[in-house]
Amino acid sequence: MDSAHPASTAAPRRRMNPTLRRVLRNKSIMFGSVIIVGLVIIALIGPWITPMDPLRQDIWERYEAPQGIWVNGEFNTRYILGADELGRDLLSRLIIGARVSLLVGLIATGISLVFGVVLGAISGYVGGMVDDIIMRVMDVLLALPGILLAIAIVAALGPNIVNAMIAIAVVRIPTMARVVRSDVLAVKNEEFVEAARALGQNHVIVLFKHILINAWAPALVLATLGMGTAIVAEAALSFLGLGTQPPQVSWGRMLSVGREAIRSAPHVTLYPGLAITIVVLGFSLLGDGLRDVFDRRLKDT
Amino acid sequence: MLKYVVRRLFSLVFILLGVSIIVFMLVHLAPGDPVRIMLGEDATEADVERLNRIYGFDRPLPVQYFIWLGNALQGDLGTGIRSNLPVTLLIFERMPATIELALWSLVLAIGVGIPLGVVSAVRRNSWIDFGSMFAALIGVAAPNFWVGLILLSQIALYVTWLPIGSRGPSFPDALWAIATRLDFVVFWDHFRYVLLPALALGTSIMALITRLTRSSLLEVLGRDYVRTARAKGLREFTVVYGHALKNALLPVITVVGVQFGALLGGSIVIEVVFAWPGVGRLIVSAISQRDFPVVQGSVLMLAIVFALVNLLVDLSYSLVNPRIRYG
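For the record, the sequence lines run as chains A and B. What the first sequence shows, in the working numbering, is residues 123 to 423, in sequence order. What the second sequence shows, in the working numbering, is residues -1 to 325, in sequence order.
Just so you know, these hints were derived from the structure itself, not from any lab. Errors might be hidden in some of the hints.
What the hints assert, rightly or not - Restraint-style ranges between C-beta atoms, simulated for each label pair: (1) Arg5/B - Arg319/A: 30 to 38 Å; (2) Met23/B - Leu146/A: 44 to 52 Å; (3) Ile162/B - Asp261/A: 57 to 65 Å.
Note that this is a predicted model, so its numbers are computed, not measured. Positions of the beta carbon are idealized from the N, C-alpha and C atoms, including for glycine.
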């Protein structure tokens, strides 16, 4: 293009932002984004694209085998992926369930991001006793295997989807807080922080405007990777009957009921798990890619 | 080293105290009267009385905690409300099964993961490399309980010697049979029951080990000392397995250590899938029966095992890797 306009060579050629270029060149980010954009679209327009009514029961079609999209030379919309224990269309339920998975992931990760960033930032910036107390509490939370802590919280609060989200968020907070804390510690003693303080800005502004703005990348990477963890955790809790309750549809619950017919109708458990796997793969590809681009320090986490 | 061990043990005590507070609070986080929650609406006066005696629900919260902790420290975690058996007994019956399952999945993960990673690195960009890297990508992402369901529906139903669910003879029993009677049948029986649950539980860590072994070995193979080894005419086999692999496995060991604790958590869901009689299944059924003493006791015991495992792993690093120096 430039050679066609020799007159314009004097002006500096507009270059793409180097970070953006690295993002676009990263295969991992690209593959991950495609999967996640797909998920978001399905979650948004789900109710309008289901081939059948996801709640309609048909006792004669219990555990109907997958029919595929091509039957007797004609385009088929009935039981493309088969039916569940009440004769409901599996594909339609998968599409509706995408919404729950995405929402649970987003809300749980959002909560853990907010609390993790605030706790980690305060801990790192204030230091001393406050730091000790916050970090010891985080140590205690990390002393339980994640899924066990989540199960225990849901057991106490009562099994439903909101409590499952809270539980998943609590599990993720300590990791987030630790990472943010170490980033704040790394930046805290830089000269620009001292300069901001010398200019008379108060601690809150310094912390949030000057320090955290330089420490957001690892938190973002962790949150992306955490989306996958949260979605699996929701599935596990729902599988155990501690998450989504009927009539809500979620992939984890579909696995749980499919388990009853694992001999006669393995397709009922196959597809929801496949959906979870693909989505988790999407988030981990995206997270790994973002980590490579923005933050090489987190490499081994 | 001794100073480090003492310090770690000291902080372990504090962390476990913190865990005990969380576990204790489980009953009180539940909305409503804990006695009614546990016993239901039609509880008799005698039942309420019995529960009050164990937990002191009629006293202030801190007092209740110390009563509970005092009992727990003496090995009394209360009585299961449904089974009427001591909670410690219920847990000690099941803990070996859980640990056995976690250990087997670790053994399988290492036994498959490391060789696969080495082959992938040595034959970089071959079909076996692409194949195993693709499998590893899926293996990390797939929920382990779904892998379990697939193993059940696709393999256990067609392979006659693989049982569907439940546990065979315990590992000590199997060893005892070999040691005393040279009887390998018991061991085989033990192994065929544990194989599928352990595989399902170990999938993600197996995938992780494969990926890490590959990348770590590739990195080490590019180092100067490996070039020197090659330059002085050593055979490729000696270079890879004698020189490079030893250093490449260090990060793998770290990950294995970190992940072993996670296996204990993951086993909860796997135990439900395979009807494996471990602590995880005990917790899940206790939750659905609102049997809080059992839930509390099991969570506490799993946390203690988890903490001890992590401590052992940390301590063994310093033995494996002399470059780590603890102050």
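A quick look at each hint next to the structure:
In this structure, Arg5/B and Arg319/A meet the distance hint of 30 to 38 Å, their C-beta atoms being roughly 35 Å apart. For Met23/B paired with Leu146/A, a C-beta distance near 49 Å keeps the hint of 44 to 52 Å intact. Taking 57 to 65 Å as the suggested C-beta distance range, the pair Ile162/B and Asp261/A does not conform, at roughly 41 Å.
Of the hints listed earlier, the one the structure fails to meet is number 3.
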